[in-house]
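Colleague: Single-letter residue listing:
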Amino acid sequence: MTSARKLDLRVYAGLILFGIITPILFPNYTSQVAVMWLMVLMAVTWDMTGGQMGYNSLGNVIFFGLGMYASAVVQISMFADVAEYTASFGAMYVEFTEVQYFTGLALGIVVGGIVATLFALLIGPFMLGLRGPYFAIGTLGLAVAVAELIAGWGYVGAGSGISMPVYPGVAGESTFVWYILMGVTALLAHLFVRWLYSTQFGLAMNAIRDDEDKAEAMGIRTTRYKVLTWAASAFFLGMGGAIFGNMSGFIEPLEVAFPTATFGIFMVAMALLGGKGTLWGPVLGAILFHIVKEATWTYLLGWQWVALGAIIIINIVYFQQGILGWAQDKWPAAFGLTVDRGPGDQPTGDTRPEAAE
Amino acid sequence: MFENLYLVYLAPLMGVDLILQGLFIGALFALIAYGLALVWGVMNVKNLAQGDMVILGGYISYQATLWGYHPMLAMPVAIILMFGLGWLIYALIIRRVVDRDMFTSLLATFGLSLLIQQVLNLIYGPEVKVAESGFGNFQLDTFIIIQNVRLYSLLIAGALAIAIVIFMKKSRMGQAIRATAQDARAARVLGINTDRVYAFTYALNASICGAAGVLVAMIWVIQPYYGIVYSIRAFIIVTAAGLGNLPGVILTGFGLGAWENVAGFMFGAEFAVAAVVIMLVLVLMYRLLQSYRVRQVVR
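Going line by line, the protein sequences match chains Z and X.
So in the working numbering, the last one in the first sequence is 465, and the numbering has no gaps at all.
So in the working numbering, the last one in the second sequence is 511, and the numbering has no gaps at all.
Take the hints with a grain of salt, since some may be wrong.
Covered stretches of chain Z, as calculated for chain X (at least 3 residues, CB under 8 Å) [what the hints assert, rightly or not]: (1) 137-148; (2) 235-245; (3) 253-262; (4) 399-413.
It should be emphasised that the hints constitute simulated quantities derived from the structure, not laboratory data.
Being a predicted model, the structure only gives us computed values, none of them experimental.
Think of the CB as a built atom: it goes at the ideal place given N, C-alpha and C, for glycine as much as any other residue.
Isolated chain Z, as found in the complex:
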């Protein structure tokens, strides 16, 4: 246990060091690394329900987009009329002073998180009653529905989107602000889930994953646990969405805010690549995925999305346990796991059967 704790501290220290050094040594890569922190955030929050609780959502991107839109509306509505602003398609230029901008930004990020949480609390009791593939399809459907509804809603600019307020400071400085915000949010999210998994709440989550009916029979109020977990992951994802909206400068429902076919599937792929249901798996998966993606993307000349589909298929079909899951199977002692190699000699660790339908 202590060795695992020491390892955790070392990894945190290494990542924070990496996070501080990168923008100083390689300032040109700052925004790419900021997106990498976003990827880490997404994978970690997806893993809360997907890996630890066995509820594989394909629509977590709803919270991302809702946070983005909520923060945009808050930031604009403080000093201008939203309907008028969006109707002008960026032609109406509102001059924000620095104080106005930053109070708006701070408020927007927090409200983004809260709106996403509220939405999760609202739909959670219904969606989380669905099991297995129905949950996955239901959340996917919900993400598409929310995207289409927002694309038809004139108040927030409908399909043509919103241009976000322009950062008031020195040119080039904004990148570092988004970088820091994104990195800190990802770090906070990871610290939170690390703490969460060590509590009784975390045990209940794992019990739901392993056998929901038995957990229910043992007196765990499963619906409550499921909804709260989803709401917590929605909070961080909503904040991430709010920051990313400001970072990209322009938001639009189908490609930026609710991209089910890019970020929505990336977060699943990353968590699975690193090893779902492990503490560091999603982080490792996100970092590897992002590095590979950024390094190879431009050389593939349009074939990158085809390659992405192929990667997902290969990952799922041939290597589902992920990197850390595989390592845990191979060297369980290094992860502080004790393995009961019973008479049946079951394969250990992470290969758990999904709850029966």
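Given chain Z, put chain X in place with the hints provided.
Modeller: Below, chain X without anything else, positioned relative to chain Z:
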């Protein structure tokens, strides 16, 4: 938003027209959903690439028009090509996910759906395409104008469905498929090559999708990313009707077609997709409440 509702109130025959048009296309949805129910019931694979296979079939007929043939002639070609492709996909991917948990098959086919979308996008570009059939319309009334192609597609979908049902009942392979669906292990013990049955089932589903896609390309437009909506429609129908319930699938297909056509007109075209997807959520919720009646839930 409700001006159109008033319009229908003024001319009730227009409502009849809307529902009729919806029923014609509902037959196509039922056909696609039947393919999904087949794969789902026999091999327990939730095929999220269903809609993309439909779109792929549509592009086969579009390609036929590019070469100067009538899109209807592409139908047998699409059926054969998609059968081969389905077999290939089974051998490469699906074989390895058949006996794994549900989410694996769902995610693997989602990856497949991305793959098909992007390949189509690279070949044909993101613009919407249509396979012009030139069949014209016939008019029953001032307000009831029916495209002939919709009528033909209803007839073809019906003929295909009947052919499949007869095939499932009479042929040896059809019997083997039904036996495997009932109990795969017992079927294996009794000497049925279940691997072959699975491959055949998946390939049959792919060719059903291909045939439906040819009709879709003639009735509406196709675009590489339109597949997901067809997948969702198929899931709605199968979830609402249940597996192995062919009359239910057909009825729900007609119902969904009518609902979609009416909702698309009432709320405006920009909410047509949303109307379909919200229907999915509603159907899932209905199923959930149904299960709550059986099972006591701890909150």
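Colleague: All the hints need checking, so say for each whether the structure fits it.
Modeller: Hints and how they fare:
1. 137-148: Not satisfied, violated; 0 residues make the cut.
2. 235-245: holds (count 7)
3. 253-262: As far as the segment 253-262 of chain Z goes, the hint holds, because 5 residues have Cβ atoms under 8 Å from chain X.
4. 399-413: holds (count 3)
The structure shown violates just one earlier hint, number 1.
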